[in-house]
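> Each chain, written out:
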Amino acid sequence: MALDKPYLDVPGTTIFDAEQSRLGYHLNQFCMSLMKADNRARFKADERAYLDAWPMSEEQKQAVLTRDLNRCIAAGGNIYFLAKIGATDGKSFQQMAGSMTGMTEDEYRAMMVAGGRSVQGNRVVGETGDAQADRQPQGRAGQKGAA
Amino acid sequence: MARITASVYTSHVPAIGAAVDLGKTDEPYWQPLFKGYAFSKQWMKDNTPDVIFLVYNDHATAFSLDMIPTFAIGTADRFQPADEGWGPRPVPTVIGHPELAAHIAQSVIQDDFDLTIVNKMDVDHGLTVPLSLMCGQPQAWPCPVIPFAVNVVQYPVPSGKRCFELGKAIGRAIASFDTPLNVQIWGTGGMSHQLQGPRAGLINKAFDNDFLDRLIADPAGLAQMPHIDYVREAGSEGIELVMWLIARGAMADVAGGGKPHLAHRFYHVPASNTAVGHLILENP
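Chains as they are written, first to last, in the working numbering: chain A, 1 to 147; chain B, 1001 to 1284.
Only chain A is shown next, with the shape it has when bound in the complex (with noise of 0.2 Å):
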């Protein structure tokens, strides 16, 4: 019987959910191995090797290596673990979540700071906001892809 997941259809949004969880197990403990400070320091050496050494999917190697947020939580990372690389590259939490927008750091932080994203728009999937699926990248990205 299927399970009750009312969380799909909000825009632009991944729930870490039991499923998700199973998937990225290997991906998120590798994030978790890196709260020693040795451990980023042989990641930091190389990365493809020390990658290697856990039963992680191509798919969420080429993720870490190329640093996209999106692409580790599609493949089961959860933030809270993913920001263990973060750390490590020496970024803070605004830097890691404006990064999965497409926004440069500064829009991002201006964003912020003019009060937030609204919601308007973006509680469900198909409405107009600027989380829906057809409006990324954000920011000046977007609008050079557009021109």
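Read the hints as simulated data drawn from the structure, not as lab findings.
Watch out, some of these pointers could steer you wrong.
[Said to hold, decoys possible] Computed list of lysine to aspartate or glutamate pairs in DMTMM-like fashion (alpha-carbon distance at most 25 Å, straight line):
1. B/Lys-1161 to B/Asp-1083
2. A/Lys-44 to A/Glu-19
3. B/Lys-1161 to A/Asp-9
4. A/Lys-36 to B/Asp-1122
5. B/Lys-1045 to B/Asp-1077
6. A/Lys-36 to B/Asp-1218
7. A/Lys-61 to A/Asp-89
8. B/Lys-1161 to A/Asp-4
9. A/Lys-36 to A/Glu-47
10. B/Lys-1035 to B/Asp-1253
11. B/Lys-1205 to A/Glu-19
12. A/Lys-36 to B/Glu-1233
13. B/Lys-1205 to A/Asp-68
14. B/Lys-1120 to B/Asp-1083
15. A/Lys-91 to B/Glu-1282
16. B/Lys-1120 to B/Asp-1046
17. A/Lys-44 to B/Asp-1083
18. A/Lys-5 to A/Glu-127
19. A/Lys-61 to A/Glu-127
20. A/Lys-5 to B/Glu-1233
21. A/Lys-36 to B/Asp-1083
22. B/Lys-1205 to A/Asp-4
None of these values were measured; they are calculated from a predicted model.
Got chain A; can you put chain B on it based on the hints?
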């Protein structure tokens, strides 16, 4: 007998901890936020409890995906601030209260809430940022703290209704402890925020302020709100707000006592990616 004298609610954004630790609280970006807690720091000095029961969530720090307890009570005599990847925060060691924690575990489990008992655990920004906001930068925290970690990272997280009922059970447990202790219960996390995907940066001031209104005046009604409403309206990480219902459920009016006094209310956007909300409610 022990008694809950007040409940405190606050966001626990990690960047707030970094601002405190790096001496940035007077910068224009942070000044309005810390101004909102000036009252609270004085209130904390004037109303220092014997113990704080602090409801928070671990952010992939003490609990990886190896084990995911829904409700975990810290029964150790001390808890170290965790290295979350940036190095441990330069804040005091958290001293626990093993006797009261063990008493609450026994009572609440007998009340049908299956707590995980944790005797060894580091505590992350979810627990230490609220202490910094309320206490500043002391050499030692002003009293022992019982950490109570709730899983709000992997879905399904506990419902608001279950959190509210758990708060009632914690209230009964504290009231049955024979030593006359002044206990505060804190609910932390929230308010609206989303840290992932193209919808990152979501803030919903109308939702947040309605949540604050209802938490004060109609917590039983608020506890009926389903998860999906938090996700849709307050962002995927806004779900942390269910933890506030644990603290609210332990207040006297829920068990037939008098209404709480609203000592302080504050709301500010933004702190990094997040809307910050804060309440202090005193039992009569």
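> Tell me the numbers of any earlier hints that the structure contravenes, in ascending order.
Those not satisfied are hints 1, 2, 6, 10, 11, 12, 13, 15, 16, 19 and 22.
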